[in-house]
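Visitor: Sequence:
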Amino acid sequence: IAAPLIMTPHYIASSLDAFPIEFLDFRLIHKTIYGDDLLSDLNIESRHLRLQAEREIKSKLIWLRQGYLSTMGDKRAIIENLSKSISGFMPLFRAIIVLYGEVPPVARIDVVNKLQDITKMETNIYERVLQIRQKKLKPDSPETDGIFKEFYHATERLGRLIDEIQI
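Residue numbers (the numbering used here): 52 to 218.
Check the hints yourself; a few may be wrong.
Calculated cross-link-like contacts (lysine-lysine; reagent style DSBU-like; alpha-carbon spacing at most 35 Å) [unchecked claim]:
hint : residue 1 : residue 2
1    : Lys186    : Lys109
2    : Lys135    : Lys200
3    : Lys171    : Lys186
4    : Lys82     : Lys189
5    : Lys187    : Lys200
6    : Lys187    : Lys109
7    : Lys126    : Lys171
8    : Lys189    : Lys111
9    : Lys186    : Lys135
10   : Lys187    : Lys111
11   : Lys200    : Lys109
12   : Lys135    : Lys82
13   : Lys171    : Lys187
14   : Lys171    : Lys111
15   : Lys186    : Lys111
16   : Lys186    : Lys126
17   : Lys111    : Lys200
18   : Lys126    : Lys109
19   : Lys109    : Lys189
20   : Lys189    : Lys171
21   : Lys200    : Lys186
22   : Lys126    : Lys200
23   : Lys126    : Lys187
24   : Lys126    : Lys111
25   : Lys171    : Lys135
26   : Lys109    : Lys82
27   : Lys189    : Lys126
28   : Lys82     : Lys126
29   : Lys200    : Lys189
30   : Lys111    : Lys135
31   : Lys111    : Lys82
32   : Lys109    : Lys135
33   : Lys200    : Lys171
34   : Lys171    : Lys82
35   : Lys109    : Lys171
36   : Lys135    : Lys187
37   : Lys187    : Lys82
38   : Lys82     : Lys186
Hints are computed from structural coordinates only; laboratory data are not their basis.
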């Protein structure tokens, strides 16, 4: 269990433009333990959300390339990197869903399916990596490069979709 986040109203208000994806995720998936619920009614501007989504997707592409090179071909390390990274994609996917004018689901598999529904982009690779992370799927070593390639190309396509979003 992670330690709770403690934030003042001023901190939240002054951070919405810098961390819109994080605050969107807080708004969608939070539990107020004590005090007023400061997150439910947050107004997150689409222009800030789109800009951070673009930054995030480009950072993820760089990370994927560097991560692949750093594995030096170790198939197990490639799969481990992908399965660790998929959780970090979920807030970004939810942000993209919001940018398309839809309400994102909370459950990860539902997020991936909703992303496919609204973007018309094939997202099965993200579902597959989620299954790998949850130990429901164990890919064979020869499949690894194909899984990485498909994951990388899907992420590139998402980057192009984000670039095309007009606010």
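Visitor: Hey, lysine 111 versus lysine 135, does the alpha-carbon distance stay inside 35 Å?
Guide: Satisfied, since the Cα-Cα distance of roughly 12 Å is no more than 35 Å.
Visitor: Need the status of pair lysine 171, lysine 186: alpha-carbon distance at most 35 Å?
Guide: Roughly 27 Å separates the two Cα atoms, so the pair holds.
Visitor: Between the alpha carbons of lysine 200 and lysine 171, is the straight-line distance 35 Å or under?
Guide: holds, 20 Å
Visitor: Can you confirm whether the C-alpha distance between lysine 126 and lysine 171 stays at or below 35 Å?
Guide: Satisfied, since the Cα-Cα distance of roughly 30 Å is no more than 35 Å.
Visitor: Does the structure keep lysine 135 and lysine 187 at a Cα separation of 35 Å or less?
Guide: At roughly 15 Å apart (the allowed maximum being 35 Å), lysine 187 and lysine 135 satisfy the hint.
Visitor: For the pair supplied as a hint, lysine 189 and lysine 171, is the alpha-carbon distance within the 35 Å limit?
Guide: holds, 27 Å
Visitor: With the threshold set at 35 Å, check whether the alpha-carbon distance from lysine 126 to lysine 200 stays at or below it.
Guide: holds, 13 Å
Visitor: Given the hinted pair lysine 126 and lysine 111, is their Cα-Cα distance within 35 Å?
Guide: holds, 20 Å
Visitor: Within 35 Å, alpha carbon to alpha carbon, are lysine 186 and lysine 109?
Guide: holds, 28 Å
Visitor: Does lysine 126 lie within 35 Å of lysine 82 when you go C-alpha to C-alpha?
Guide: Not OK: lysine 82 and lysine 126 at ~39 Å, beyond 35 Å, violated.
Visitor: Check the hint pairing lysine 189 with lysine 126 against an upper bound of 35 Å on the C-alpha distance.
Guide: holds, 12 Å
Visitor: Would you check the hint for lysine 171 and lysine 82, treating anything up to 35 Å between C-alpha atoms as holding?
Guide: The hint holds at about 32 Å.
Checked against the numbered hints given earlier, the structure breaks only hint 28 and satisfies all the rest.
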